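S.K.: Using the numbering used here, the letters of the sequence shown map in sequence onto residues 509 to 697.
I should point out that these hints are in silico values taken from the structure, not numbers from a laboratory. It is possible that part of the hints are untrue.
DEER-style ranges, computed between Cβ atoms [to be verified]:
| # | residue 1 | residue 2 | range |
| --- | --- | --- | --- |
| 1 | A521 | C610 | 52 to 60 angstroms |
| 2 | E572 | R534 | 16 to 24 angstroms |
| 3 | E651 | L543 | 14 to 22 angstroms |
| 4 | I648 | G518 | 38 to 46 angstroms |
| 5 | A659 | D549 | 35 to 43 angstroms |
| 6 | D556 | R614 | 16 to 24 angstroms |
| 7 | A521 | A664 | 38 to 46 angstroms |
| 8 | C610 | W536 | 20 to 28 angstroms |
| 9 | C610 | L537 | 36 to 44 angstroms |
| 10 | D556 | C610 | 47 to 55 angstroms |
Please read all numbers here as calculations on a predicted model, not as lab measurements. Here a beta-carbon is modelled for each residue, glycine too, at the ideal position from N, C-alpha and C.
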Amino acid sequence: MSLEDHRPAGATATRWLSDVEQHTWRAWLEVMRLLPALLEDRLHERHDLNLTDYQVLVELSEAEESRLRMTELANRTSLSKSRLSHQIGRMEKAGLVERQDCPSDRRGSFAVITQRGWGLIRAAAPRHVDDVRELFVDLITPEQIDAVGQAMEAIAQKLRQSPGTGCANALAERDYANRTTESAPTTRQ
Numbered sequence: 509m510s511l512e513d514h515r516p517a518g519a520t521a522t523r524w525l526s527d528v529e530q531h532t533w534r535a536w537l538e539v540m541r542l543l544p545a546l547l548e549d550r551l552h553e554r555h556d557l558n559l560t561d562y563q564v565l566v567e568l569s570e571a572e573e574s575r576l577r578m579t580e581l582a583n584r585t586s587l588s589k590s591r592l593s594h595q596i597g598r599m600e601k602a603g604l605v606e607r608q609d610c611p612s613d614r615r616g617s618f619a620v621i622t623q624r625g626w627g628l629i630r631a632a633a634p635r636h637v638d639d640v641r642e643l644f645v646d647l648i649t650p651e652q653i654d655a656v657g658q659a660m661e662a663i664a665q666k667l668r669q670s671p672g673t674g675c676a677n678a679l680a681e682r683d684y685a686n687r688t689t690e691s692a693p694t695t696r697q
């Protein structure tokens, strides 16, 4: 008996993965388990940061006036508003960020990187970039980097358009192309 024998009547045939597709999919799953864990272990060991802390600091360090509306920061980090609120609260207690009221919207607020946050991102970014190079970039050719980038952007674009996944912030359209990277050295992960 096969999986096909359990298909509901009238259902279309499953398009099973080819051997190459299955290999690629499983390799991708393994990388997604291992790479973030290794990067986070190193960030934590050296700077007592997790990847979400780092991502928040990167986004704020690259933002105009080093601040973002909480809603925009939630979209950029793919965090729910509730999770971001807890994240920012924890980072506030550590002195890395602060909240500022939005003068044009009484219900809105900004997350702003503090001097301590700036010091930490400046200290962490060079080693983090070294780690990204060691564990990802330098392991594949420039052509493979380009192909992976194009493939991931195509997948991300499709995922952002997928309705009903329960991940509204993760699927929100992000406008990375319009961000300026010429104004200051980037700390981009």
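S.K.: So, for every hint listed, does it hold in this structure?
M.R.: Verification of the supplied hints:
1. A521 with C610: 52 to 60 angstroms: holds, 53 angstroms
2. E572 with R534: 16 to 24 angstroms: violated, 42 angstroms
3. E651 with L543: 14 to 22 angstroms: holds, 20 angstroms
4. I648 with G518: 38 to 46 angstroms: Holds - the Cβ-Cβ distance for I648 and G518, about 44 angstroms, lies within 38 to 46 angstroms.
5. A659 with D549: 35 to 43 angstroms: Because 27 angstroms falls outside the window, the suggested range is violated.
6. D556 with R614: 16 to 24 angstroms: For R614 against D556, whose Cβ atoms are near 35 angstroms apart, the range 16 to 24 angstroms is violated.
7. A521 with A664: 38 to 46 angstroms: violated, 29 angstroms
8. C610 with W536: 20 to 28 angstroms: violated, 39 angstroms
9. C610 with L537: 36 to 44 angstroms: holds, 40 angstroms
10. D556 with C610: 47 to 55 angstroms: violated, 30 angstroms
Violated hints, listed in ascending order, are 2, 5, 6, 7, 8, 10; each of the other numbered hints is respected by the structure.
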